[in-house]
Amino acid sequence: MLAVVTYHHQFKFDRLRTMDIKNKVIAVTGAARGLGFAMAKLLSEKGALIALIDLDIEATNNAVKELPNAKGYACNVAQEHEVVQTFLQIKEDFGHLDGLINNAGILKDGLMVKTNDDEVQKLPLAQWQAVIDVNLTGVFLCGREAAASMVEQGSGGVIINISSVSRAGNFGQTNYSAAKAGVAAMT
34 MLAVVTYHHQ FKFDRLRTMD IKNKVIAVTG AARGLGFAMA KLLSEKGALI
84 ALIDLDIEAT NNAVKELPNA KGYACNVAQE HEVVQTFLQI KEDFGHLDGL
134 INNAGILKDG LMVKTNDDEV QKLPLAQWQA VIDVNLTGVF LCGREAAASM
184 VEQGSGGVII NISSVSRAGN FGQTNYSAAK AGVAAMT
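Numbering (the working numbering) for the sequence shown: 34 to 220.
Keep in mind that the hints were calculated from the coordinates and are not lab data.
Straight-line C-alpha distance at most 27 Å; calculated DSSO-like pairs for lysine-lysine:
#1 Lys-79 <-> Lys-57
#2 Lys-104 <-> Lys-124
#3 Lys-124 <-> Lys-57
#4 Lys-155 <-> Lys-141
#5 Lys-98 <-> Lys-124
#6 Lys-55 <-> Lys-104
#7 Lys-55 <-> Lys-74
#8 Lys-98 <-> Lys-55
#9 Lys-74 <-> Lys-104
#10 Lys-55 <-> Lys-79
Values in this document were obtained by computation on a predicted structure and should not be read as measured data.
Throw the hints in and build the complete structure from the sequences for me.
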């Protein structure tokens with residue numbers, strides 16, 4: 034059985050107290066710092082084997098030093114070929130995959146249009162697309178590869194897609210809110 038769930042920032046990790054995740058292989062995106070690292074560290078402390086996925090290889094290597102049962106993978110989650118190769122490498126390194134926390138995300142705040150005096154400024158497409166590529170497409174690509182791996186190994190698993198309250202809309206975050214709403218709808 035494969036379960037895909039979405040959580041926003043109000044999720045509490047109380048359930049980890051009773052979960053047996055010893056030797057379960059869990060991939061975490063955006064894992065080199067912040068929430069991703071905090072989740073990876075907590076899972077590691079509970080005995081999980083962690084695949085730390087992040088764009089910043091230096092920060093990832095530093096995170097691996099703090100988690101003895103972790104391996105690091107440099108990956109731009111917005112690039113299909115990198116995601117495919119990363120998940121193949123995780124399977125080769127660990128032998129299987131039991132879970133994914135889709136956490137990677139970026140912010141590039143901006144209104145669709147804003148006015149200053151008589152000037153109208155438009156949100157550049159590149160700024161829109163950068164956030165959609167990481168925060169929505171990256172979730173899709175990583176989720177797809179993790180799900181395929183879990184189905185192929187026949188043991189099921191769990192995919193947690195991190196969303197936020199921004200999925201309901203947030204002033205000044207047109208692209209971010211659209212991406213997070215997409216994550217919630219996709220899940």
